[in-house]
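Chain P is already provided as a structure; the job is to place chain U on it using the hints.
Number of protein chains: 2
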Amino acid sequence: MDAYKAIVTKRDTRSFTDEGVAEDVLQRLLQAGRMAGSAKNLQPCRFVVVDDTDTATKVAGCGQFSAWIPTAPLNIAVVIPADGREFDAGRAAQNIMVAANAEGLASCPVTMHDNDCVLDVLGIPAGHRVSIVIAIGHPGEGPRSRGPAGARLSLDDYVHRSRW
Amino acid sequence: MDAYKAIVTKRDTRSFTDEGVAEDVLQRLLQAGRMAGSAKNLQPCRFVVVDDTDTATKVAGCGQFSAWIPTAPLNIAVVIPADGREFDAGRAAQNIMVAANAEGLASCPVTMHDNDCVLDVLGIPAGHRVSIVIAIGHPGEGPRSRGPAGARLSLDDYVHRSRW
Numbered sequence: 003m004d005a006y007k008a009i010v011t012k013r014d015t016r017s018f019t020d021e022g023v024a025e026d027v028l029q030r031l032l033q034a035g036r037m038a039g040s041a042k043n044l045q046p047c048r049f050v051v052v053d054d055t056d057t058a059t060k061v062a063g064c065g066q067f068s069a070w071i072p073t074a075p076l077n078i079a080v081v082i083p084a085d086g087r088e089f090d091a092g093r094a095a096q097n098i099m100v101a102a103n104a105e106g107l108a109s110c111p112v113t114m115h116d117n118d119c120v121l122d123v124l125g126i127p128a129g130h131r132v133s134i135v136i137a138i139g140h141p142g143e144g145p146r147s148r149g150p151a152g153a154r155l156s157l158d159d160y161v162h163r164s165r166w
Numbered sequence: 003m004d005a006y007k008a009i010v011t012k013r014d015t016r017s018f019t020d021e022g023v024a025e026d027v028l029q030r031l032l033q034a035g036r037m038a039g040s041a042k043n044l045q046p047c048r049f050v051v052v053d054d055t056d057t058a059t060k061v062a063g064c065g066q067f068s069a070w071i072p073t074a075p076l077n078i079a080v081v082i083p084a085d086g087r088e089f090d091a092g093r094a095a096q097n098i099m100v101a102a103n104a105e106g107l108a109s110c111p112v113t114m115h116d117n118d119c120v121l122d123v124l125g126i127p128a129g130h131r132v133s134i135v136i137a138i139g140h141p142g143e144g145p146r147s148r149g150p151a152g153a154r155l156s157l158d159d160y161v162h163r164s165r166w
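Here the protein sequences line up with chains P and U, keeping their order.
Following my numbering from start to finish, the first sequence increments by one per residue and tops out at 166.
Following my numbering from start to finish, the second sequence increments by one per residue and tops out at 166.
Treat the hints with caution; some may be incorrect.
Once the Cα atoms are required to be at most 20 Å apart in a straight line, the calculated EDC-like pairs of lysine to aspartate or glutamate come out as [claimed, not checked]:
| id | chain 1 | residue 1 | chain 2 | residue 2 |
| --- | --- | --- | --- | --- |
| 1 | U | K42 | P | D159 |
| 2 | U | K60 | U | D4 |
| 3 | P | K7 | U | D4 |
Hints are computed from structural coordinates only; laboratory data are not their basis.
Remember, predicted model here, so these are calculated numbers, not experimental data.
Chain P extracted, bound-state conformation (with noise of 0.2 Å):
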């Protein structure tokens, strides 16, 4: 897909069919993560890939709106030193996403809240944070997970020229 295409019709979606993420599919989602830049390069993302159904449920239950973890095939938690960027985490979680898109898959990033129960279930040293668990999936019928459809403001109320 052109990438600017998979940039722009990239929405947050929720809703996914049961099969699986193709490994070599899986990979490529990955290195995407892998390649995006930090500052200073100090790569501080790590990738920690949950695919089968009993962890993803526990992963589930460390966030208050993550019930529904567990109906994605694939989850990706983008885990950071405790005292790392959420902006290089959102860079290299963007790319999964974007990549997954042009893939033809559904993705969404979702919040886990009780940061200590979900280092505890995917066995992740102390120290860290999981700044992210991306849901992963072939695109269900269900509806995207807010309001309507890719909602946005207008470009206008997003950009200032020169000055606010």
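Positioned in the frame of chain P, the structure of chain U alone reads:
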């Protein structure tokens, strides 16, 4: 450009020619930023476009490692509420930078260490934070920003399966 290629070939690069960025290209970059998803669809990001050297020089004075900013023909400040999520700013910034790469443009994110300074220079209301400034332009002949081009840990260093 193919989406996956645009994602994995993007390098943070801070060497630019003098050639400006065409307005239609700029509009696509801004649209890419606008279409990034955000937590609860809060759409926290705003973009201040800086394409004059005088303003860029003033912005450069607000960071510790940003003296080179005016060498970029285009800079986009990504602004969020002071209590906004840096993760969402990272998503928007990455969209802009991957879209730029697909247009054949180089880009590099720059931290503004003195937020009050850059709010003042760009006339941004109090209660906001400039999460990042993205310098953008046609790639020059200079070296890339950090170490060997694209140096990354191996994918194995990034990825854990099911458990850390």
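Hints versus structure:
no.	hint	in the structure
1	K42(U) x D159(P)	18 Å, holds
2	K60(U) x D4(U)	37 Å, violated
3	K7(P) x D4(U)	10 Å, holds
Hint compliance for this structure: hint 2 alone is broken.
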